[in-house]
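Assemble chain B onto chain A, guided by the hints.
Protein chains: 2
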Amino acid sequence: MMMRRFGSVLLSTFFCAGLVASGPAVGQAQGSLDLMPLPAHVAQGEGQFLIDGSLAVAVEGYPDPRVVEGRRRFLERLGSETGIPFVEDRSASKASFVIHTAGPSEAVQQLGEDESYHLAISATQVELSATNSLGILHGLQTFLQLVRITPQGFGVPVVTIDDQPRFPWRGLMIDVGRHFQPLAVIERNLDGMEAVKLNVFHWHLSDDQGFRVESRQFPLLQEKASGGRYYTQEQIHEVIDYARARGIRVVPEFDMPCHTTAWFAAYPQFASAPGPFKIETKWGVFDPALDPTREATFEFLDKLIGEMTALFPDAYFHIGGDECDGKEWDANPRIKAFMREHGMKDDAALQSYFTGCVQKLVVGHHKIPEGWDEVLQPDTPKNVVIQSWRGPKGLATAARQGNQVVLSNGYYIDLNKPASEHYLVDPLGGDGANLTAEQKARVLGGEATMWSEFVTPDNIDSRIWPRTAAIAERFWSAQDVRDVDSMYRRMAIVSLKLENYRLQHNSSTRMMLERMSGKADVKELEVLASAVQPPQGYARESLHEYNSGSPLNRMVDAVPPESETAWRFGQLASLIAAGKASPEQWKQAHDLLVVWRDNDAKLQPELGESDLTAELSGVSESLSQVASIGLQALDDLRNHRVPGADAREKNMQVLKAAAKPKAILVDKVASPVELLVNASAKQ
Amino acid sequence: MMMRRFGSVLLSTFFCAGLVASGPAVGQAQGSLDLMPLPAHVAQGEGQFLIDGSLAVAVEGYPDPRVVEGRRRFLERLGSETGIPFVEDRSASKASFVIHTAGPSEAVQQLGEDESYHLAISATQVELSATNSLGILHGLQTFLQLVRITPQGFGVPVVTIDDQPRFPWRGLMIDVGRHFQPLAVIERNLDGMEAVKLNVFHWHLSDDQGFRVESRQFPLLQEKASGGRYYTQEQIHEVIDYARARGIRVVPEFDMPCHTTAWFAAYPQFASAPGPFKIETKWGVFDPALDPTREATFEFLDKLIGEMTALFPDAYFHIGGDECDGKEWDANPRIKAFMREHGMKDDAALQSYFTGCVQKLVVGHHKIPEGWDEVLQPDTPKNVVIQSWRGPKGLATAARQGNQVVLSNGYYIDLNKPASEHYLVDPLGGDGANLTAEQKARVLGGEATMWSEFVTPDNIDSRIWPRTAAIAERFWSAQDVRDVDSMYRRMAIVSLKLENYRLQHNSSTRMMLERMSGKADVKELEVLASAVQPPQGYARESLHEYNSGSPLNRMVDAVPPESETAWRFGQLASLIAAGKASPEQWKQAHDLLVVWRDNDAKLQPELGESDLTAELSGVSESLSQVASIGLQALDDLRNHRVPGADAREKNMQVLKAAAKPKAILVDKVASPVELLVNASAKQ
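Chains as they are written, first to last, in the numbering used here: chain A, 39 to 721; chain B, 39 to 721.
Any given hint might turn out to be false.
A pair counts as met if it fits within one copy or between any two copies, since identical chains are not told apart.
Claimed, not checked - Result set (DSS-like, lysine-lysine): computed pairs, CA atoms no more than 30 angstroms apart in a straight line:
| no. | residue 1 | residue 2 |
| --- | --- | --- |
| 1 | Lys365 | Lys455 |
| 2 | Lys640 | Lys561 |
| 3 | Lys688 | Lys478 |
| 4 | Lys618 | Lys420 |
| 5 | Lys320 | Lys132 |
| 6 | Lys640 | Lys618 |
| 7 | Lys365 | Lys694 |
| 8 | Lys688 | Lys132 |
| 9 | Lys341 | Lys618 |
| 10 | Lys316 | Lys478 |
| 11 | Lys561 | Lys625 |
| 12 | Lys688 | Lys618 |
| 13 | Lys694 | Lys455 |
| 14 | Lys316 | Lys132 |
| 15 | Lys561 | Lys618 |
| 16 | Lys132 | Lys262 |
The set of hints was computed from the structure by calculation and includes no laboratory data. Predicted model, so just to flag it, every value in this text is computed and none were measured.
The following block holds chain A by itself, in its conformation from the complex (with noise of 0.2 angstroms):
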């Protein structure tokens, strides 16, 4: 539904391909600022600030120690940016730029405190002034992402902006149960976080395959439930104040009464079945639960929650509590007789009773408790988040029953949607769009989650960037923000800034081409990558068997879930087709069509030294007979000359086969040749 609606958006908008095609254009486009998020108010000048070694930087106000840590901050990014050394300790009466604090932020983060700021940029001087150092942190990125090369050097246009978001939770989650991830790939991804100003980091702290955090109270978690992979409590604390220095704020989850099987290797004692129970090393949904009649498993938890909610200072606490299939509390007998003791009809019943008591700790520890969907229950406490994500009515009905609500149905990033796809998903469109303005205020904002069935530190970043740029733009600009194709554009930009702050998401697939064929050129495994994506939703594991011990080093690992080249051949397939292409536009469709016909020559006689190349020889035949059929195509149309009712036929076969997935990997090119080749016929 959403991809159809998506489909014609893009079909039926001129879309200045050129300008992609050349990268990211030096300068503004058509007065238009690359900023992503784009801010709320915008009131563009003439001219530009230049950006030279002089520049001196302020901080003036209330003393806040953030602003000066982002001042430093923001000097090492500029310098990064430019190349440029800047020299901190300027006095601020010859400062160019400067920043006005008004007051204190909260020594907590908390949901809503003001975010808002005010940038005014001449030709001379630069002013940032916010109420308080959260505004302060995300101007200086609006500054960053402004700054570009000019032929005067370095600079940033003259402008005035006013800045607030539009919804006050804007996450990212990563799931660290399935593959856990070092500390560096969390605090570059917070660096990125904060550059797209998302303002959650919800860490995803265990699940069957894993718990990855040290516990003092119950150390066996570590020592029997982590395979050695999980995080120091003086890691989690440089974590949080990693993420306390960007905006961040830190929600951790510990999902359960399910996703708990890693627990019970280390305390089967709290399991509904006898066990024995080992780190569950498969992909899906697991019979294995917390007992919830025993008095014991509540002990356990308080003490956890205890020891949980003091390590983490963020006054909310995430809870899981999704899919649970109650086998376990079907098949033991005591469970059966206790939910029959106290009226509880099905499996749905007891684990409510469960999260009700959980709620219950978690209050007790003065925090306040989030959930997946599956929490909400009739009788669910009006102070529980919910977190929404099974489908797109999960929101509206948490807001009508009075529950705040997060969403994360529609940002699913795990599943190599389009950008596009997730970009056009607002917490406040469909369903949402109905509520009542009281409703409406429940509605918090959303989260990109990234599940890691998947995803190792290699490619996790191409999983989250730049796709997640775009939701964070959903969650901060205005409702009526949703041109895609500006929204590519700006994401392009914001991609390439990212990639200097030391994110891999561009870099990191080259890196694995290497590694697959064992050599430094790798442009023909390029030109192939670019024609191909991984499968998108649930599909790749249909395709193959997969489980935590398996390799994730082939190409389908390695390309990104949206090919720009392919995305773009897309766009001038469309254009063709609907007589409204340019000669230049033409002209790139052929070429982009050559280079893939002509590449499978160059390539196949390497593809057999690798083990990891080899499954890609028919791929690659398949992108050219492609390629070859969209030549033919082109040049039918450029000569109205309808092609035979058989060749036709004979192509369109070609393309079905080569549309189905070969090395877990989808042709991206097939459909758009589709296209032209039904244009050549309908002349």
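Just chain B now, with coordinates in the frame of chain A:
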């Protein structure tokens, strides 16, 4: 002199250019192993040991924590080289990879500890044994270098290696005085050092432009002498631990009595002139020097050396001693009087007196002093280690005089010279070859020196790597290992591995080109970059004025010191000129020239859009002209047509003009093209 020698070696050697043209080949070429440094003894077998997720590594023998941690890091790195997740906790009983450590290593790593190892790889089993953990660490790195992708998957060849280093002191010096380098830079370069078996990190911690260590005795050093850029003592400990885990000693250097301007910004009372002083921002040799005539100076130094020798556990302590111009001493009547009183005939004698006193302080703190060439005087105590830098004779002089010596002359990697030139310098070559066996035994090894006038965290890796891998081979492998073609072939392979270890010597170029242009597509800039290099030696400073605040963000900073493509073209041109090129090599040369010739037309229109690329207009145009001349010469040669004298004269003028630096860049194509033109004239 060295340059000429290198030139003739290259020109007289047949080189298999095709191999490099397509990147490092998969598998082993011609039976040799793709290792750098090459091991002492190798016995190759048939077949390979396959690496998959079932690999288990057992640790036996002496339980050294460095081995246990080394295994953890080994598995992590192997995971990163293959994309296969490896689990640590396998029992030894089913291990296919057994590590056996015979005994302990020293609590603080000592010069001359046994570093040998025995690595036996069969098709089913790997055995790595060593006297102590140092050999184990080296053996693990050898194994990692052997890993390559094959049609059967990842594997290492069946081989038995017995290996140990030729020299016990194999170092890399990084100057953090002139440009401070963050911890991340230091640590990733320690990773690189470990990969090529370097074992001394010489940390040049202070210079005129900054004192970079927190002193608790003299806190003004970090407060006033560092510009806010220094390492805390906690960070120093972190680096020392990091290095020790990798079998690397950390030798700190505090350069005195000169190169101390920054010190006097904090403590002017110890200077030889009245001041006032501020941190130096220019590059060069400066007058400020410690006052060797005052008791207070040595009281200060004794406390400082006491603090720093306690901070750095290594047995050696480097006191610098280079480049005293004596001007402050000569201008100070009190110092002149002191010299007269004590019968010191010149500044060298005064410095010798100073060095003698400081040496005693260092020895008093139980350390062995080390100093640059200049500290060697006829009466220098025999316990002082000399680091020879000024010329090829210093090493032999020191060894004859009875001092141990480390060679750095010939390994100045800041001078942008080709790897081959450094590679052919041997600590026991040149004057060193004529030493007696006893004198030769005093030659401890050598150090590559990364002086930091022109490096930032952005490009420092590209100045160090991969050339330092070739230098590391010089220090480790047999003296007769000096085949330049083999070195370049293997260096390209190890370069790829180092990039996988997150060094940024290759990726930084692209990042910097993106930054220069503000564009994601930098294909044409990359083509231009492939043809140019920074000037060699100290030429850069005569072409433009620089200081510590100068932006280092231009093409000259982005390109590596040695262009692999231009080097390859040089090889092809030599073969063609000598009448020894194959048809394939003719084609490769032709294709490169076509790309260079045609690039200007595409690149030129964009250059003016950025201040940082505008200066490349002339460079690009000139390259196009040079390539055109090269294509004409190829055509003349192919058709046995001797060009007219006028045309040749005109072309030679163009080539001469092209050979002059433009935008501080040297065109590396002009000279090989001249070779072709000359060859065409001599048919």
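_Alpha-carbon proximity between Lys640 and Lys561, which holds within one copy, between copies, both or neither at 30 angstroms_ = both (10 angstroms within a copy, 20 angstroms between copies)
*Is it within, between, both, or neither for Lys688 and Lys478, if the alpha carbons may be no more than 30 angstroms apart?*
neither (54 angstroms within a copy, 78 angstroms between copies)
*How would you classify Lys561 and Lys625 at a CA-CA limit of 30 angstroms: within, between, both, or neither?*
Result: close both inside a copy and across copies, 22 angstroms intra and 19 angstroms inter.
*Using 30 angstroms as the alpha-carbon threshold, which applies to Lys316 and Lys132: within, between, both, or neither?*
between (64 angstroms within a copy, 20 angstroms between copies)
*Since the copies are identical, ignore which copy is meant and state whether Lys688 and Lys132 lie within 30 angstroms (CA to CA) inside a copy, between copies, both or neither.*
So Lys688 and Lys132 fail the 30 angstroms test inside a copy (73 angstroms) and across (55 angstroms) alike.
*asked:* Checking an output row: Lys365 and Lys455, CA cutoff 30 angstroms. Within, between, both or neither?
replied: Result: close neither inside a copy nor across copies, 32 angstroms intra and 69 angstroms inter.
*Identical-chain pair category, Lys320 with Lys132, by Cα at 30 angstroms*: Between copies only: 23 angstroms across, 61 angstroms inside.
*How would you classify Lys618 and Lys420 at a CA-CA limit of 30 angstroms: within, between, both, or neither?*
neither (54 angstroms within a copy, 84 angstroms between copies)
*Could you figure out if Lys561 and Lys618 sit no more than 30 angstroms apart (CA to CA) within one copy, between two copies, both or neither?*
between (32 angstroms within a copy, 29 angstroms between copies)
*asked:* Within a copy, between copies, both or neither: which one fits Lys365 and Lys694 at a CA-CA cutoff of 30 angstroms?
replied: neither (42 angstroms within a copy, 83 angstroms between copies)
*asked:* As a check of your reading, is Lys688 near Lys618 (CA-CA no more than 30 angstroms) within one copy, between copies, both or neither?
replied: within (27 angstroms within a copy, 50 angstroms between copies)
*Can you tell me if Lys316 and Lys478 fall within 30 angstroms by alpha carbon in one copy, between copies, both or neither?*
Classified as neither; 44 angstroms inside a copy, 60 angstroms across copies.
In this structure, the hints that do not hold are numbers 1, 3, 4, 7, 8, 9, 10, in rising order.
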